[in-house]
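Colleague: These are the residues of each chain, in order.
Number of protein chains: 2
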Amino acid sequence: MDHAVKHFGYTLLKQDRSARLGEIVTPRGVIRTPAFMPVGTVATVKALYPEQVKEAGADILLGNTYHLMLRPGAERIARLGGLHKFMRWDGPILTDSGGFQVMSLSTIRKITEEGAQFQSHIDGSKHMLTPERSIEIQCLLGSDIQMQFDECIQLPAERKEVERSMELSLRWAERSKRAFEQQVAMGGARPGQALFAIVQGGVDRDLRQRSARALVEMGFPGYAIGGLAVGEGHEAMVATLEETVPHLPQDKPRYLMGVGTPQDLIESVRRGIDMFDCVMPTRNGRHGMAFTWSGRVNLHNARHAEDLAPLDPESTCPAARDYSRAYLHHLVKAGEYLGAMILSWTNTVFYQDLMAAMRAAIAEGRFEAWADDTKTRLAQKG
Amino acid sequence: MDHAVKHFGYTLLKQDRSARLGEIVTPRGVIRTPAFMPVGTVATVKALYPEQVKEAGADILLGNTYHLMLRPGAERIARLGGLHKFMRWDGPILTDSGGFQVMSLSTIRKITEEGAQFQSHIDGSKHMLTPERSIEIQCLLGSDIQMQFDECIQLPAERKEVERSMELSLRWAERSKRAFEQQVAMGGARPGQALFAIVQGGVDRDLRQRSARALVEMGFPGYAIGGLAVGEGHEAMVATLEETVPHLPQDKPRYLMGVGTPQDLIESVRRGIDMFDCVMPTRNGRHGMAFTWSGRVNLHNARHAEDLAPLDPESTCPAARDYSRAYLHHLVKAGEYLGAMILSWTNTVFYQDLMAAMRAAIAEGRFEAWADDTKTRLAQKG
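These protein sequences, in sequence, are chains A and B. What the first sequence shows, in our numbering, is residues 1 to 382, in sequence order. What the second sequence shows, in our numbering, is residues 383 to 764, in sequence order.
Because the hints were derived from the structure by calculation, they are not lab data. Treat the hints with care, since some could be wrong.
[What the hints assert, rightly or not] Result set (SDA-like, lysine to any residue): computed pairs, CA atoms no more than 25 Å apart in a straight line:
(1) A:110 / A:80
(2) A:85 / B:688
(3) A:177 / A:234
(4) B:467 / A:302
(5) A:375 / A:364
(6) A:160 / A:232
(7) B:715 / A:302
(8) A:126 / B:467
(9) A:381 / A:234
(10) A:14 / A:365
(11) A:85 / B:671
(12) B:467 / A:298
(13) B:715 / A:284
(14) B:715 / A:160
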């Protein structure tokens with residue numbers, strides 16, 4: 001950790017229409033934006049060594065509060081010296097608040113004003129997450145960027161229901177902020193750690209704007225857009241971004257949660273988003289699906305069985321150049337660990353290479369042309 | 383490949399009582415003996431990158447004829463340039479003959495004088511392995527050391543049955559030798575590739591001696607002892623070695639197939655064995671069991687849950703020193719890829735470190751003392 005830096009800050013370095021090149025400074029290092037955060041759900045980016053994640057170019061990764069509170073437990077991680085030491089990652093870590101997983105993974109949920117009651121998907125044990133407990137857990141984990149506790153509802157939903165949920169999340173934002181400030185005062189949070197707010201409101205323009213304005217009014221060092229990529233479709237997602245981003249401050253980072261495909265990332269950066277996370281590169285890798293600069297490749301497909309070509313000669317990942325598609329096809333068909341390992345690795349590198357290419361294009365003022373060209377290339381059958 | 387060397391040869395460098403320090407020269411490189419061969423069943427040492435296997439110190443690895451003939455198929459691997467290129471391993475490879483897996487994995491076997499009929503454990507398809515086909519497959523794979531086709535029976539068995547089987551394996555040895563010589567004549571085998579014989583005979587002293595003598599009479603560049611570690615127990619295995627090894631020539635390598643625990647390896651080297659293979663390091667690694675210099679460690683055990691100590695400070699594997707036992711416990715409990723990856727790696731390195739330590743002890747004429755001391759250490763609860 002760089003003890004010289006004790007603050008958290010965002011600098012907008014260059015803007016190319018709405019696309020932003022920036023940098024987030026934290027005590028644990030600089031995050032170059034637009035940034036993609038590999039997901040280390042249960043304190044490991046699945047099937048990758050931490051060195052591979054770092055070498056791929058990731059400045060920050062994401063940990064899941066829901067998973068880690070259940071196993072191995074936040075208090076245990078704190079006793080072991082915090083999440084960074086536990087998983088051997090010395091760069092910044094962002095933790096989500098647990099709200100999304102309570103909805104998507106746990107059973108027997110009961111949402112009240114107080115918080116969310118749920119049963120663990122692992123052993124059925126009962127747990128309660130509130131804004132205060134979520135912040136406490138994130139402080140125990142020692143994450144550098146923490147997220148407010150929010151409710152995340154499945155779309156489509158009635159407007160009334162979306163509104164009720166958005167307003168609950170606003171009240172939870174206030175409680176999260178207060179809890180975080182108390183942690184700072186008590187020494188539970190360290191200088192330079194930051195709490196981000198989450199804009200909710202489904203795909204409703206008016207609700208999104210109300211949510212964004214209320215959160216900006218409260219004042220946070222960063223703003224996320226949550227509750228998207230839950231079934232509303234690419235067009236609705238992009239439209240919601242266009243309606244929401246203008247209501248967020250220029251001088252704070254903007255994080256689109258849980259997104260997405262390479263095309264999603266390009267279209268979101270085009271609309272001013274700075275940060276992303278998604279399980280797609282590793283999950284798809286485990287399922288034999290590769291992202292390449294000439295499109296997606298399904299390695300289960302028999303057409304690769306005798307193809308000596310490498311997966312992606314343009315990748316900066318050695319594995320994408322060294323192994324033949326025939327070998328990867330074999331590994332995937334045989335269900336071998338190495339298949340998941342290689343493809344999780346090449347996909348993770350692809351996502352980082354994609355972000356680096358976006359940053360370079362913005363820096364050189366040619367993002368629009370780059371984006372159109374790249375989307376065409378990525379739409380190929382790889 | 384070192385094209386300067388076109389022959390296969392074994393040199394006994396030093397003997398310490400019965401323990402032997404030696405070196406097998408092949409066109410693809412030198413194998414320092416005693417050697418342990420990591421098992422790359424379906425063209426991958428499970429959960430390891432080939433670079434990790436190499437860096438662990440392995441000079442040679444093993445591929446399984448049975449698995450590879452079924453998936454992806456020997457002819458396919460030949461069309462793709464051979465097994466070495468396919469799996470990115472440029473050192474020597476030994477392939478077994480398929481006999482053992484026909485017994486242990488396939489269903490509906492019919493053994494005749496001609497060979498073994500069986501059904502694939504993958505898709506139920508019907509296959510026939512004969513000595514001639516086994517050698518043909520091994521030549522298609524391009525392995526540097528090939529094994530005769532043999533029958534491998536489950537112990538305990540009636541003496542009559544063991545005798546019948548041993549004699550069948552002798553006739554198959556002759557046919558394997560003839561088939562290999564034909565491959566050499568036709569260019570299907572390359573100069574410097576070698577065919578090893580397999581001594582059978584269960585735990586019967588007389589049958590083992592008859593098998594060994596008959597095979598030595600035929601003349602092979604190396605001799606394996608097969609049909610052990612199939613349920614007869616450590617004592618019977620060691621006794622069989624003591625009765626068999628004296629009937630093998632001094633100037634040829636001796637390979638004990640499918641063995642074993644660290645203690646098995648030490649006792650076998652003590653009795654003059656030069657080569658081993660076993661799935662134990664990687665299989666145990668996938669199941670949360672680690673080999674360390676202070677004994678076996680079951681990482682499922684709750685006593686590791688908050689243990690910040692590394693797995694094995696004496697290991698030459700970085701992962702055995704870098705990760706805490708608490709983290710490994712967490713990964714194993716959560717069933718994460720990284721747990722299997724790390725423990726397969728540290729176990730593979732442990733086995734190579736063990737062989738290196740044996741070679742050093744023999745070189746310095748202190749094998750007996752080293753062996754007794756090491757067995758005591760390894761019997762600890764790690």
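Colleague: Does each hint fit the structure? Answer for all of them.
Modeller: Consistency of the hints with the structure:
1. Distance restraint check for residue 110 of chain A and residue 80 of chain A: the Cα-Cα separation of roughly 32 Å exceeds the 25 Å cut-off, and the hinted pair is therefore not satisfied.
2. Of the pairs offered as hints, the one joining residue 85 of chain A and residue 688 of chain B holds, with about 13 Å between alpha carbons and a cut-off of 25 Å not exceeded.
3. Distance restraint check for residue 177 of chain A and residue 234 of chain A: the Cα-Cα separation of roughly 31 Å exceeds the 25 Å cut-off, and the hinted pair is therefore not satisfied.
4. A C-alpha spacing of about 20 Å is found between residue 467 of chain B and residue 302 of chain A, which places the hinted pair at or below 25 Å, so the restraint holds.
5. Restraint check: the Cα-Cα separation between residue 375 of chain A and residue 364 of chain A comes to about 18 Å, which is no more than 25 Å; the hinted pair holds.
6. As the CA atoms of residue 160 of chain A and residue 232 of chain A are separated by approximately 17 Å, the hinted pair is consistent with the 25 Å bound.
7. Between residue 715 of chain B and residue 302 of chain A the CA atoms are separated by roughly 35 Å; this puts the pair beyond 25 Å, and the hint is violated.
8. For the proposed pair residue 126 of chain A and residue 467 of chain B, the alpha carbon gap of about 53 Å is over 25 Å, so the pair is violated.
9. Distance restraint check for residue 381 of chain A and residue 234 of chain A: the Cα-Cα separation of roughly 20 Å lies within the 25 Å cut-off, and the hinted pair is therefore satisfied.
10. In summary, the hint linking residue 14 of chain A to residue 365 of chain A is supported, as the alpha carbons are separated by about 9 Å, within the 25 Å threshold.
11. For the hint linking residue 85 of chain A to residue 671 of chain B, the alpha-carbon distance of about 23 Å falls within 25 Å, and the restraint holds.
12. Proximity of residue 467 of chain B to residue 298 of chain A is assessed by CA-CA distance (about 22 Å); at most 25 Å being required, the pair is judged to hold.
13. This hinted pair checks out: residue 715 of chain B and residue 284 of chain A have alpha carbons roughly 23 Å apart, not beyond 25 Å.
14. Under the criterion of a C-alpha separation no larger than 25 Å, the hint pairing residue 715 of chain B with residue 160 of chain A is inconsistent with the structure, at around 42 Å.
In summary, the numbered hints that this structure violates are 1, 3, 7, 8 and 14.
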